[in-house]
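A.B. asks: Sequence:
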Amino acid sequence: MKERKAIESWLTDMDGVLVHEGQPVPGAPEFVNRMKASGKPFLILTNNSIYTPRDLQARLTRMGFDVDEQSIWTAALATAQFLADQRPGGTAYVIGEAGLTTAMHAAGYVLTEFDPDYVVLGETRTYSFEAITKAIRLINGGARFICTNPDATGPSTEGLLPAAGSVAAMVSKATGVKPYFVGKPNPMMMRSALNAIGAHSETTAMIGDRMDTDVLCGLEAGLETILVLTGISSRMESETYPYRPSRIVNSVADLIDEI
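This note's numbering applies: residue 102 is where the sequence shown begins, and numbers increase by one.
A hint or two may mislead.
Claimed, not checked - Listed below are the simulated DSSO-like cross-link pairs for lysine-lysine, each with C-alpha atoms no more than 30 Å apart in a straight line:
hint, residue 1, residue 2
1, K106, K137
2, K235, K279
3, K141, K106
4, K235, K274
The hints are simulated quantities; they were obtained by calculation from the structure and are not laboratory data.
Quantities reported herein were computed from a predicted structural model and do not represent experimental measurements.
Construct the complete structure from the given sequences, taking the supplied hints into account.
C.D. replies: So this is what it looks like as structure tokens:
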């Protein structure tokens with residue numbers, strides 16, 4: 102295997118890597134605080150489009166993380182940037198929370214239900230049958246279908262919840278139209294994050310807890326991939342995939358000395 106260059110920039114998933122079931126992973130605040138103190142470019146990534154970076158920054162700060170709002174990159178931001186690049190000043194019918202609507206407004210988009218360029222589906226705790234019906238009719242009428250991420254389920258304190266990927270499947274079944282997913286494992290998410298911090302793939306590492314999103318996304322974007330065992334994927338499960346992470350560590354605590 103070709104030896105990689107030294108890591109100069111870091112990308113890390115949030116849930117399962119830094120935070121688990123609403124609590125910081127042991128050593129994770131120290132890891133993030135060390136990254137910030139080092140001056141090395143880094144971003145915390147999440148496929149969740151519900152919250153704005155400011156919301157997530159406040160949540161992490163309460164847990165002891167020293168992180169700026171600008172160091173958080175969400176699927177909502179990546180989606181809004183993608184659409185602004187594709188069709189500047191466009192229009193969209195959006196199903197989602199403040200994280201997505203705020204990002205879309207900031208990208209110069211007008212949110213409307215009258216003949217929009219796009220239907221954009223994101224995460225929400227209160228999926229409305231009326232809103233989903235409207236989305237189906239707009240897509241059948243010619244609107245292009247975008248979804249922030251393909252995650253079928255999301256976590257909650259009560260258990261798993263249906264997420265954007267599940268709702269997208271329902272809309273696709275009704276329309277015969279498949280969405281374009283912007284978030285992980287689309288390497289578009291990685292490339293937009295790299296661009297946001299001026300980093301290069303050959304000197305950047307992606308840390309994640311899922312083989313099917315984090316590792317796959319990082320691999321396809323040409324990054325070093327590090328699987329941590331504090332979230333979804335186990336060491337045994339990682340062996341069942343046709344691709345491998347660059348390495349596996351128990352948690353981000355094992356990476357502190359590398360910063």
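A.B. asks: Evaluate each hint against the coordinates.
C.D. replies: Hint by hint, here is what the structure shows:
In summary, the hint linking K106 to K137 is supported, as the alpha carbons are separated by about 21 Å, within the 30 Å threshold. Distance restraint check for K235 and K279: the Cα-Cα separation of roughly 16 Å lies within the 30 Å cut-off, and the hinted pair is therefore satisfied. At most 30 Å may separate the alpha-carbon atoms for a hinted pair to count; K141 and K106 meet this at roughly 15 Å. Restraint check for K235 and K274: satisfied, since their Cα atoms lie roughly 15 Å apart, inside the 30 Å limit.
In terms of the numbered hints stated before, the structure departs from none.
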